[in-house]
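Peer 1: My request is simple: use the sequences and hints to build the entire structure.
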Amino acid sequence: MRVLSRKLTRDARRRRSQLVAIVVTVFLGVALYAASFDAFRNLQVSYESLYDGLSFADVTLVGGDPEAVARAVAEIDGIAAVETRTVAETPLRIGRADKLLGRIVEVPPDRLPEVNSVMVLQGALPSSLSRSDVLVEQHMAEHFRLGVGDRLEVLTPTGWSAVEVAAVVASPEYLWPARSRQEVLTSPGDFGVLFGSGALIEGVSAESTRSEVAVRLADGADGGAAIDEVVSLGTAAGAVSTFDQTDQPSNAALQEDVRGFGEMSFLFPVLFLGAAGMATSVLLTRLVISQRAQIGLLRANGFSRRTIFGHYLVFGLAAGLLGAVPGAVAGSLLARAITGLYTDAISVPITVIEFRPSTVAAGVGFGLAAGALSGLGPAIRASRLAPAEAMRAAGSAAPPRTGFVERVIPILKRLPAPAKMVLRGIGRNRGRSLATGTGVVLAIVLILASWGMIDTMQILLARQFEEVQGQHAQVFVERIDTLSELRSLDGVAAVEPAAQLPVTILAADTRYQSSVIALPPDTAMHTFRMLDGGDAPLPAAGLYVGRALRSLAGIDVGDTFTLVFGDTRLEETVAGFVDEPLGTTAYMTLPALAADLGAAEPTVVNAAMIRYEPGADLAAMRAVVVDVPGVRAYVDARALYDTVQRFMGLFYAFVGIMLAFGAVMAFALIFNTVSANIAERAGEVGTMKANGVGRRIIGRLITAENLLLMLLSVGPGLVVGHLAAAAMMSSFSSDLFRFDAVIRPTTYVFTALAIVVVGLASQGPVLRRLQELDVAQIVRERSL
Amino acid sequence: MTERTNRTGMAIASLHGVEKTYGTGAAMVRALRGVDLDIRGGELMVLLGPSGSGKTTLLNIVGGIEPATSGRVTVGGADIASLDDAARTEYRRTSVGFVFQFFNLIPTLTALENVQLIAELVGGGEPGRSELVLRAVGLSDRMHHFPGALSGGEQQRVAIARALVKEPPLLLCDEPTGSLDLETGRRVLALLRSLASNDGRTIVIVTHNSAIAAIADRVVTMGSGQVTDLAANPAPAAAETLEW
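In order, the protein sequence lines correspond to chains Z and S. Going by our numbering, the first residue of the first sequence is number 1, and it counts up by one from there. Going by our numbering, the first residue of the second sequence is number 785, and it counts up by one from there.
Mixed in with the good hints there might be a few duds.
Sample of chain Z residues facing chain S (criterion: CB under 7 Å; computed from the structure) [claimed, not checked]:
1. Val-3
2. Arg-10
3. Asp-11
4. Ala-12
5. Ala-293
6. Gln-294
7. Leu-297
8. Arg-384
9. Ala-388
The following residues of chain S were derived to be distant from chain Z, with all beta-carbon distances above 12 Å [to be verified]:
10. Ala-810
11. Gly-912
12. Asp-925
13. Ala-943
14. Ala-947
15. Ala-1016
Please keep in mind that the hints were generated in silico from the structure rather than gathered at the bench. All C-beta atoms, glycine included, are put in the ideal place defined by N, C-alpha and C.
Peer 2: Dropping the structure here:
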């Protein structure tokens, strides 16, 4: 059917603007899919590659006699390597002005560890690591500009002890430098990691050290079963707590992020391809309506239903294919750039970028599927047209009649004729009006889902750092006496004692890595926002825990659970659930903690929360506070906030691109429906022109109709958009980040305005074509 | 009703008790009410009647583009009333050609391509067949023009060429001059007359214009869905002499 194909080509050429709009939308959808999916896979493979290369531990056992625990698990089938080590939590000092939370991880003095190895990025591993040699984790080195030969100090019971940087390294445990499962957003200025010899760690206070047994499974081992056995035997051999890769703080944070990419690779392309499908359906439906007589003629001449069906379906498929092929290729290329930017931003030393033909094939398949699905309806409609009926009727648009609104509000019948035309035009072709409305709704969904994420992130982070946390800084102190010195400093408004302990929460079958923060009963440094939205003081007995534990551990208010830290196990009661954007932390009063530990309250205090006077210079205050001898480490709450904001930079860029894409999609979709609107009434527009009605008046009538339609669609669009944003944010929520969609009222207003502006702009090319409308041509052809 | 003369060949299509209704209940319309009619090979038959008399419905039923509600319609000995959709499609492809009042040319195809489209459908025929047919209808210098660039008469001649290219035994024309001026209409009718007289084609023309009846071999007059008169015309007039 060469001639029939030629007809198809020319039909497409006649509607090239609409076709281009569809192709662009499919292109964007498929490109987004390929870019986000390949970036998602590239990141996964990059991490896996690094984890494999550096033997990242599959499971870690904490506490007990490490040698005994190691012996117990070493004989299990499927174990590749077992490494024992000691980890010390001790403050670090760099120069005189910086004190930060530090961690020293033991490495063998003469070799790289068999499990949790490190990659040397600068310098070299000494043949024998002395007590004064350290390897500095790359994020800390970068923040403090530390290089080989530089010196820093670690706190020992006898005071600050100098060490020298032998090398800068990357570690699979600190690709994302999270201090703990609950402190994944630690500022590199507040927390740093060193790798040193056992001799160095021996010099650090024994109270702050813990033993660990890191276990690496062999390739091909049954991960789940082997880990269960390691946990079971290790615990029996004395390990106090365990965590696997899923709960390892750095990996948990990175996987959370990668999961976001995975979800984006599904959600956004679905939106775009849905919009492209809608536009294709509108265009094809219009094509079928305008070619009814041709279809009737072809059928009358013996063209089969299948041929007619295929003829119109091919149109949708072609639109899908034209957008999908370049989209898949562009997406794959974009994925390379995104992966590179991303791994560079978080300093992943190995970046694996793969070209995946399967992604290109899937992208092309999605484009084709969108084209086929959207073309299916019109193609079936065309193939089912009875020839006699097709040639008898002029079109299928519902005959204009008094609309529902006019029947309900009779006064509208008194409107002038042009206004009635506008009003009735909407009900004239309900399918097209519905498509325009759906297009507006989809575009709003895309914009609100993207913009809503920015709003939600900003509002919830502000809530965390400005409402929930009342302190400007948290300092770790040697003794409670230090607090009086802090209170006496100029610029300090308030200081409260605190205790912060890393713990494992045991409830039923759940083991959850968390932190307990103990504060005075009447603390003014932390606002406890409860699940019901109200604020409450700390409970006299029991603990508040983060809301995520409710579902994770299946516990409720009044239930008991076990807190494990070091070799201590405490039975505690849930007094309530706090609703906080970041982390799933447990809170209790200092007196309650002291009572549970059987210690005097002053002895359990290891930190202080500080609030400065309004307008205080935070950097200057840091220097002053760090200089107080009893201050071991300083955590700047504001710096953490800034770190989070920086971390969000990539995210904002991605969302910004989505917004731009959303505008293009909205433009394409509305342009197509408006084009169909005008093409559908070419005859009447021609007649109006023939009767001397000017282009501007006709343009105003069409604009008024589309504007009314858009305004009618904006309300439902904002509702659906809000729900979509909520669903999307909820999919990003975890025990580490709790994101309930919070969207600023101004965002709704700007979104609505933006859609109306884009909608009106999309009319431009169509209205310009009114000028070129050849009345004689319309009459001669009797179809467009 | 009487049949006055029988000057042409054997019946190639026969209708017996054909009924056609549209809609149901109070909205039911009886478009045809028990029509009996033979269409003979090589004749030019004019179906004459006012709007709503059922003549186009009758033409559509003979052409297989819509089924009769009841009755028998045999064409070439086969009962097309009993054909399913696929068989009716095949019947239309091989046995009938249509010419419509509104030409129904595909605007994105040239005159030649409009004809070639149908030629390809029926297997292409010999090379150059489409050009030949277009030349036969007097469009040798207009065949590469798009419909929008053709006059009404030229468009209708393309439509006739398109119907002829598959060499159907039966050519069905629904108001072929309805959209044409007198002079152009005469030319189109002359072409149809010549196809019947010189090529031996069987042609049925539906019209409400009684003047056109003068060129027919037989004239069937319809009213209210029934054949009210069937008259033979022993001396068909030349189309060029018609006036309306």
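Peer 1: Take the hints in turn and mark each one as holding or not.
Peer 2: Here is how each hint holds up against the structure:
1. Val-3: This hint holds: Z:Val-3 lies near chain S, its Cβ roughly 4 Å from the closest one there, short of 7 Å.
2. Arg-10: holds (4 Å)
3. Asp-11: holds (6 Å)
4. Ala-12: Since the shortest Cβ distance to chain S is 9 Å, the answer is violated.
5. Ala-293: holds (5 Å)
6. Gln-294: This interface hint holds because 5 Å falls under the 7 Å limit.
7. Leu-297: holds (4 Å)
8. Arg-384: violated (10 Å)
9. Ala-388: Interface hint status for Z:Ala-388: holds (4 Å vs cutoff 7 Å).
10. Ala-810: holds (20 Å)
11. Gly-912: Consistent with the label, S:Gly-912 stays out of reach of chain Z, its closest Cβ about 15 Å off (over 12 Å).
12. Asp-925: holds (19 Å)
13. Ala-943: S:Ala-943 not clear of chain Z: closest Cβ-Cβ about 9 Å, inside 12 Å.
14. Ala-947: violated (8 Å)
15. Ala-1016: holds (29 Å)
In summary, the numbered hints that this structure violates are 4, 8, 13, 14.
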